[in-house]
Each structure stands twice: as structure tokens, then as C-alpha cells.
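Participant: So you can see what is in the structure, the chains are spelled out below.
Protein chains: 2
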Amino acid sequence: MAHRTAAPDIDQPRLLRALAGETLDRPPIWFMRQAGRFLPEYRAVRATTKDFISFCLDPEKAAEVTLQPLHRFPFDAAIVFADILLIPMALGQKVWFEAGEGPRLGELPPVEALADHVDSVVDTLASVGETLARVRAALEPERALIGFAGAPWTVLTYMLQGKGGEREEARAYAYAHPEQIAQLTDILIEATARYLAMQAKAGAQALQIFESWAEGLPDDQFRRLVSEPHARLIARLRELGVDLPIIGFPRGAGALLSDYAAAVPVQAVGLDTQTPLGFGRLIQAGGKTIQGALDPLLLRAGGALLDARVDEMLAAWSGGPYIFNLGHGILPDTPIAHVERVTSRVTGR
Amino acid sequence: MAHRTAAPDIDQPRLLRALAGETLDRPPIWFMRQAGRFLPEYRAVRATTKDFISFCLDPEKAAEVTLQPLHRFPFDAAIVFADILLIPMALGQKVWFEAGEGPRLGELPPVEALADHVDSVVDTLASVGETLARVRAALEPERALIGFAGAPWTVLTYMLQGKGGEREEARAYAYAHPEQIAQLTDILIEATARYLAMQAKAGAQALQIFESWAEGLPDDQFRRLVSEPHARLIARLRELGVDLPIIGFPRGAGALLSDYAAAVPVQAVGLDTQTPLGFGRLIQAGGKTIQGALDPLLLRAGGALLDARVDEMLAAWSGGPYIFNLGHGILPDTPIAHVERVTSRVTGR
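As you go down the protein sequences, you meet chains A and B in turn.
The first sequence begins at 1 in the numbering used here and counts up one residue at a time.
The second sequence begins at 1 in the numbering used here and counts up one residue at a time.
Certain hints may be false.
As a list, the in silico SDA-like pairs of lysine to any residue whose alpha-carbon atoms are at most 25 Å apart [said to hold, decoys possible]:
(1) Lys-61/A to Arg-43/A
(2) Lys-163/A to Gly-164/B
(3) Lys-163/A to Gly-100/B
(4) Lys-163/A to Asp-119/B
(5) Lys-163/B to Gly-102/A
(6) Lys-163/A to Lys-163/B
(7) Lys-163/B to Gly-165/A
(8) Lys-94/A to Pro-332/B
(9) Lys-163/B to Ile-336/A
(10) Lys-163/B to Gly-36/A
(11) Lys-61/A to Glu-312/A
(12) Lys-61/A to Gly-203/A
(13) Lys-50/A to Asp-333/B
(14) Lys-163/A to Asp-333/B
(15) Lys-163/A to Leu-331/B
(16) Lys-201/B to Asp-119/B
These are computed hints drawn from the structure, not numbers from a lab.
The following block holds chain A by itself, in its conformation from the complex (with noise of 0.2 Å):
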């Protein structure tokens, strides 16, 4: 398989060792939003700049909340703290968030001039090489670094609508002007891949795509605006010379998770909260290490459930390549206390 190591590496970090098809003593564990407003310190840190575009883009204070929770948790992986929406920012989009609402976006620009940013993507993304730059000096060298970017039919949907929800503009957009979206896609492949690119460069270890918004699209559309783009996205970046590991998170796919497993080379597949045990051994039985799925909901809930639920994921994954992660990003009213439980679980530290 492309991108696996012939032989066990023991010295290297253990999130890599999962991604390069190795089934360890126990899953390397890392938390979609690990770093955010769950944290007291990341509130005390976002506190010191209004608007969060510019948050997003201060390396010295993204580089801060990216380690926060590495500082309370036996994390095997920090994730950068960035945004998707950094890119059609990067692309000329006027990019804003509201306060309790949410995203917001300008008006969509014509084709041409967003095409004509694709190649200044990198500079005026550069903060975010920075940041991770920072962070991986600070990393202990067993723990991981990962880089990620929104997919390109995700950010569409945002670019698309101008904000967040049923996405439901978009898929109609998608029905009635293929062209266009054709076009969009093809430029956000590019300006992605460079971004990716970029965050290799500047200290990244795996990459992990973000597709918040695979849910509802019947198995045409799927292929059309998910595996497909996926698929070029990667072929973009191994010729760009990135030759890390990619996990792609599809969520909302359901039973076209084992169509893109098959169709995409990624090295791991993200589960979502409702992927069922047993479709998760499936894909591992297909040589791609799986990561996931537990219900951020029944971590805030806590209790003999959590317990339950993590012994049971832990009894039907840790037999192939693993991660332990959550189904979807942590919640802000999470309790410290729960995340140690299930961390301490996990890892018996």
C-alpha cells in the first residue's frame, strides 16, 4: 500500500505508526476541536482579539490553544488551530463570523477573480505555516501534528449560501449549474492542495480533509462533488511532493462510506456518530485504518453509558489500525472531567 511503512517504526509517534496500517497495544487518541471554548484557557486567550479571522491568523496565539490541550491531556496528536473558511477568505470571499450565529459570508466573486487569488493563496495563508511551525517546536516528538483543510464541496456549500444550515441552496445550486460547480471545485482542489502543501512544509505529519456536509447526497452527487474531488486533491498533493498520511472524513456519508473508502486513496477514513461497529471493521478488512466515532453528546452526558459505549468501540476496533476520536467536533459545554475519564480509558494514563 502507497504511503505505509514496509516495518513497525516504534520510534515514531504513535498516530503515525495507526495511519501507516499498524494495530497497536492501544489506539492513538486525539478530539475533533480538541482545542476550543470547552477549555476556561482557550476562552482567557480568544478573549484578547475580537474578530476571530484575525485569531485564526495570530501564529503566537494559535499556536498557544493548539498545545492547551495537549497541556491537560494524554493527546497523541494536536491539530492546528485554523479554519475552512480561511480559504475562500484567501480566495477573495469576504469572510466574517456573527457572534452566536455562526459564519457568515460576502457575495460569491465572479470565477475568474477567485481563480486569479489561487496563487497568492499560500503567502496570505502563511500565518498558519507559522503556527504550525511553533507548534511543533514545542511538541514533545511522540506526539503528532496534524494539518487539515475544509473539502471542496463543504466550503462550496459555504461559499454558496453565505452562511451555515440545511445546505439545501447548495445541493439545488449543484443540480442546476454542474458547469459552474465544476469550475468552483477545480479551483478550490488547487488552492487547497497548495494550502496543504504549504502546512507540510511547515511542520505537519498527516493532513486531515474536513467534509462536514457529505449528509444527504444521493450516490451520483456523492461521487460527483465528494470521492471525486477527494481523489484529485490527493493526486494534487503527491504531485506537489507531499507524501504524508491523509485522513478523510466524509461525515454524513452513511453506506457510501465503503464507496469512498474503496474510491479514495486516503491512508484512514473518519467515522461519523452513526456509523455502525461493525461497518467500521469492514473498513479496516479493506486496508484503511479507521478513526472515530464516539457521540459528543454522550461524552458532555457522561456516566455508565460513556464507559460502556468507549469499552465497546475499543472491543470492536483495537483489533486493526485505530484512532480513537469523536464522531464530530467536541461541544462547548463538554465537562473537563469527562474528556479525562474517556482519555484515561483509552490510554490508562
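Fit chain B to the given chain A structure using the hints.
Facilitator: This is chain B only, laid out in the frame that chain A set:
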């Protein structure tokens, strides 16, 4: 197989033959929410009653709008005009509809108060039976009449949250209060079974259970909240002497759909827009009729993509027992010409 006819009965309505497991020369067709806002004649009748619940409980008007789409299109079935929230209303929870905002529910009454209403649900909703009787009397014999109810978990999400939306509150409640959920589910199963038995007696020839909010549930919660309650509801219906075919529609079940099809003794499984064509064939191969799964957004968009997708579904699924339908309710701004085009393409009329 229980509840399936031993030999094809060509005098039966096409829908019932498909539900009996027959593979037909062409599938029967009907659309979820076919009696609804996309029809100007519906909007005209709807405008004569201010309150939506009163409108549902007016047998003359409800029967009229139930029949309207059958006058326009060669649909093979009518589905009684009613609402899944009539059950919480009949159990004593206040239900109303805000224009443009959807349903709103008052505070959840204590479990004992809800339980006290179970015996009166059939009387409270007797007018739905009258609607069914009127429609059955007016309907041609080759067209079938479908009764329906919301599934316990979907109805519970509304009862707990007081409205629609992301369902996170209800899912969180299910983790925090499993015993209360079990009690509420018991009440809903009994009330819904009696309500559906009343519909069967009044003229329904098939029953559909709408689980609109199966999405996002991990496999253990899906079994607890969806598959097991569906199986118990059906067992109770059989105890009450109802031998009609049943369509279960767990929308958003994703890869869990095959578990559902194996665990729940429905005659047909409703497929949502995301169900892969191959997955639908697997469910047919497992001995169930399938129903679905055209994307309502594609129906609204129209054009060559719509024609191609209809043909693709017919090619993929017509070799087994199949009911052509949407994967979700028809959208209010769907052009009537698009519905004509699809019904004509499927029926040849």
C-alpha cells in the same frame, strides 16, 4: 413470508402487489407530501381554515386534499392527509403551528398524564378515520389508500424539544434519562398502535411509519430508539388484529438501514435520498420491498439530470419489488410539470 400473498393477485392495486413482494412490469408510484403546498388547489382549500390542526381534523377538507393529487397525476396510491403531531396533541400536549416556522409544542406533561390519555386517543382522532372512509369510498379500486403515523422516536423528539430543528436536545435527553425515554416510548407505542388500528378499520390498505429523524444516532441508540420500538409497534398492531402491509421509513439511517431491514418485520423499507442504488438492491435481496428515493431537490430542478436519475433508479430497482417515490417530502415550490414528467416516465401515462 408473513403477510405476503402466496400467489400474485392481479386484481389487487399495484401498490399492494409490490408490498406483497411482487416484481411488477413497472413500479407503483406515489410521492410523500403529494397532498400539499405545491398544488394551488391545496393552497385554496387550506386557506379556508386558519388553524392547521383543525384543518387536519376536518374530514371533508382533509379528504378533498388527500384526493387532489390523484385527480392530476397517475399516482397509484393516496395517503391520508394528517400530521404526525396529532398523537402528542391527543395525549394532552399542546401543539400549534407558527406560520413559516413549523410546529411548536407546549410543555411536556408528566408521564402519568400522558398515560391517562392513551384510552381516548382513538376517540380524539376519530375524524381521521372519517377522512379515510370518505377517501376510500371515492377512490378507484386500482388505487390504494395509505394510513400513517410518526414513529415513537421522531414524535418524541418533537415532544421533548417543543419544535423541529437539530434534535440535539432530544438526543442528549436520551443519554441522560434512558428510563424516562423508555416510559415515553411505551406510551407512544400503545397510542400509535391503537391509532393505526383505527385507520386500518376505517379503510387504510397499507400503513407507513415515518421515522423522520433517525439520522446521527449511533448504532446502539438506533437499536434502542428506532429498530426495537418499530418492532414492538408492529407486534402490537398484529396483536390488535391488523394484518395490513407496513412500510417503515427510517430517514437518515445510513449504513444502519440493513440492520433495520433485518430486525424490523416491515414489508417495505423506505429509502432516503442518500441510499446507494446497490444498497437498495441488497435490501430487496433480503426479502423486503423498497420504496424511494428520488431527491426532491432534483425533482424541483428538473431537466436532463432528473430524467437520467429516474431511468437509473428504474434500471437499478425494477428487477425486484419496488415502489417509486421520493426520498423525502416534495418541496412546496416544485413545478407541477416536473411531477407530470416523472409520473409519466414511470407509468407510461
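Participant: Looking back at the hints listed earlier, which ones does the structure fail to meet?
Facilitator: Per hint list: 4, 8, 9, 10, 11, 13 violated.
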